[in-house]
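Generate the whole structure from the sequences, applying the supplied hints.
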Amino acid sequence: MLLNKYVEKSGLPRIVHPKSPPLKMQGIKTKIVPLIAQSISWEENGRWIEPFLGTGVVALNIEPQNAVLADTNEHVINLYQGILNEEIKGCTVRNHLEHEGSLLLEKGECHYYAIRERFNEFGDPLDFIFLNRSCFNGMVRFNRKGKFNVPFCRKPERFRPALVTKIVNQVEWVTTVMKGKNWKLIVQDWRKTISEAKEGDLIYCDPPYVGRHTDYYNGFTEEDANELANALHSTSAKFVMSMWLENKYRKNEYVERWFTDFPQRTISHFYHVGATEKLRNQMTEVLILSRDAAAG
Numbered sequence: 001m002l003l004n005k006y007v008e009k010s011g012l013p014r015i016v017h018p019k020s021p022p023l024k025m026q027g028i029k030t031k032i033v034p035l036i037a038q039s040i041s042w043e044e045n046g047r048w049i050e051p052f053l054g055t056g057v058v059a060l061n062i063e064p065q066n067a068v069l070a071d072t073n074e075h076v077i078n079l080y081q082g083i084l085n086e087e088i089k090g091c092t093v094r095n096h097l098e099h100e101g102s103l104l105l106e107k108g109e110c111h112y113y114a115i116r117e118r119f120n121e122f123g124d125p126l127d128f129i130f131l132n133r134s135c136f137n138g139m140v141r142f143n144r145k146g147k148f149n150v151p152f153c154r155k156p157e158r159f160r161p162a163l164v165t166k167i168v169n170q171v172e173w174v175t176t177v178m179k180g181k182n183w184k185l186i187v188q189d190w191r192k193t194i195s196e197a198k199e200g201d202l203i204y205c206d207p208p209y210v211g212r213h214t215d216y217y218n219g220f221t222e223e224d225a226n227e228l229a230n231a232l233h234s235t236s237a238k239f240v241m242s243m244w245l246e247n248k249y250r251k252n253e254y255v256e257r258w259f260t261d262f263p264q265r266t267i268s269h270f271y272h273v274g275a276t277e278k279l280r281n282q283m284t285e286v287l288i289l290s291r292d293a294a295a296g
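Residue numbers (our numbering): 1 to 296.
Relax, there's no trap hidden among the hints.
Under the rule of at most 27 Å between Cα atoms (straight-line distance), these lysine-lysine pairs were calculated in the DSS-like manner:
id	residue 1	residue 2
1	K147	K107
2	K19	K89
3	K31	K179
4	K24	K181
5	K248	K29
6	K179	K166
7	K181	K29
It is worth saying that the hints were derived from the structure and are not from the lab.
Structure follows, in structure tokens:
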């Protein structure tokens, strides 16, 4: 990982080793949390606002006192709301994963699909964790009817004690981070979330990547992306947005079209799009900041 070396003073705590949340998703921002923290000038004189919460990895590592964390994916919000309310604890997660993991080992993939069917009917957050950690490539994907449709990873032995303990520790970490904070978790369209931001707030925006097939719950079109750019241009709050910038094949015209004149910070890392080393490619991601949000 190549990290830009900025020495400007940020209003956020320095983060060297970011922690991972209990959810895994394509495009998770764990690797760029340190860059986000050191690039933003914000003294927490308002709310930390995320219109696209995803895994929650950024908010959980930044640990703002006041936050509005929104997503259209009700299952993500339900999981973190359950942890916030202490309805979901490390011990309940351990019991669930050990029980269902033993049945997965005994019955194989048919048990995975039984849990997937049960989740799609009832939406239990514990089943969501189970599916997220036993589906193919740790993906989160729903069809147009809102049903989780990722296939099995074909590893019946998936829930070994070490993995279960790791997930439990992640849930307990989230519990510790949320305790005593004023966090509002809400299922809400990003437009409404941004429209409610005020001066003094800071919006961290991690939308589906424009020009790449990374959508995980519902549609995000080019028209939506343009509308998002206009919303960020118009808001009175500070903002920072994550977006892909370029790879060896092409550049992101969206960034050039809408955000050329804004402060930017970049980070490059490698990613896999297949099983072989030949398919390992470098991606440059960019943080786009409003001028009053940029450190230094």
